[in-house]
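Given the structure of chain W, go ahead and fit chain V onto it with the hints provided.
Residue numbers (our numbering), protein chains in the order written: chain W, 1 to 148; chain V, 1001 to 1073.
Just so you know, the hints here were simulated from the structure itself, not pulled from any lab data.
It cannot be assumed that every hint is accurate.
[What the hints assert, rightly or not] Computed footprint of chain V on chain W, listed as stretches where at least three residues anywhere in the stretch have a Cβ under 8 Å from a Cβ of chain V: (1) 103-115; (2) 127-134.
[Said to hold, decoys possible] Not everything, but these chain W residues come out facing chain V in the computed CB check (under 10 Å): (3) G27; (4) M45; (5) P48; (6) G75; (7) P82; (8) L85; (9) G89; (10) A90; (11) T93; (12) L120; (13) P121.
[Unchecked claim] Not the full set, but computed from the structure, chain V residues with beta-carbon under 8 Å of chain W: (14) L1051; (15) A1052; (16) F1058; (17) F1062; (18) P1067.
Don't be surprised by glycine CBs; every beta carbon is placed ideally from N, CA and C.
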Amino acid sequence: MNTHPYLRAFLAGILVPTLVMPLMLIGFIVLRFWLQVSVPIERGMVFPMALVPGLWGIWNILWIGSHARTHLPIGLHGALLPLLLMPGGAAITSCFGILALGSHDAIWFQTLHIPYALILPMFMVALAAYYLVWKYVVGFLNHTLGIA
Amino acid sequence: MNAHDEERMKHFLKQALPPMGDADPGRDLWPAMRQRLAARPTAVPWFDWALAGGLAVFALAFPASIPVFLYYL
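Okay, chain W solo, but in the shape it has when bound:
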């Protein structure tokens, strides 16, 4: 019987970012229409809204498909995803004018100034966050759906 493990892996993978998206939309609405913050958020919304959930699903399919050969724990597999997401996201956001590179800091949304010295720690924090979310949340979903 075909139990469609890759379909279930995709659905388990997209659940977390799909749940986070409405929170981001609420934040966008509050900032834009209530607080009247005039930053071009909508220009860059395509990255988190359209690409990230799909990438999570595909990443989980890759783990299901490769786990028998690699035996890589799901937490470590998930921690590799920011290596793809953050440079890709940075490239897209700089194209849309969301991210500007200054002489001493990177500027997001023409408002948030992040010093370059903080970029590497932020990247390490992203790896740690992904490790924990994939190990405990996506791993739980995979177990619940009977694919891990």
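Just chain V now, kept in the frame of chain W:
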């Protein structure tokens, strides 16, 4: 439907549905099920607690990074 037709129908049904064979499992599964139900949930290792604590500390120390994280992650 006469008796002959019934016999033919039985014959066709037996042909269409192969015998199930030995459907019972080879061993008693209930002890393994009880063991699994009684097992304590896996404890979270100290390393993961340390990572979670580090994330919280970083978010408190650099709150400006939170929107950037939410955007990319």
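Structure-based check of all given hints:
Given a C-beta distance limit of less than 8 Å, the hint that chain V covers the stretch 103-115 of chain W holds, as 5 residues qualify and 3 suffice. Chain V is given as covering the stretch 127-134 of chain W, and this holds because 5 residues of the stretch bring a CB closer than 8 Å to a CB of that chain, at least three being needed. Checking W:G27 against chain V: minimum C-beta separation of about 8 Å stays under 10 Å; hint holds. The restraint placing W:M45 at the interface with chain V holds, with a minimum CB-CB distance near 9 Å, inside the 10 Å limit.
A distance limit of 10 Å between C-beta atoms decides the matter here; for W:P48 the minimum to chain V is near 6 Å, and the interface restraint holds. Hint status for W:G75: holds, given a least beta-carbon distance of 8 Å to chain V, under 10 Å. Because the closest C-beta pair between W:P82 and chain V is about 7 Å apart, less than 10 Å, the hint holds. For the restraint placing W:L85 at the interface with chain V, the shortest Cβ-Cβ distance is roughly 6 Å, inside the 10 Å limit, so the hint holds.
With its C-beta approaching chain V no nearer than about 5 Å, W:G89 sits inside the 10 Å limit, and its interface hint holds. The restraint placing W:A90 at the interface with chain V holds, with a minimum CB-CB distance near 8 Å, inside the 10 Å limit. At about 8 Å, the closest approach between the beta carbon of W:T93 and any beta carbon in chain V falls short of 10 Å, and the interface hint on this residue holds. Because the beta carbon of W:L120 sits about 12 Å from the nearest beta carbon in chain V, more than 10 Å, this interface hint is broken.
Taking 10 Å as the C-beta cut-off, the interface hint given for W:P121 holds, the closest approach to chain V being about 7 Å. The interface hint given for V:L1051 is met, as the beta carbon of that residue sits about 5 Å from the closest beta carbon of chain W, less than 8 Å. Taking 8 Å as the C-beta contact cut-off toward chain W, the hint placing V:A1052 at the interface holds, the least distance being around 6 Å. Here the hint on V:F1058 is kept, as its CB sits about 5 Å from the closest CB of chain W, short of 8 Å.
Given the 8 Å rule on beta carbons, the hint for V:F1062 holds: about 6 Å separates it from the nearest Cβ of chain W. Hint on V:P1067 holds. Least Cβ distance to chain W is approximately 6 Å, under the 8 Å limit.
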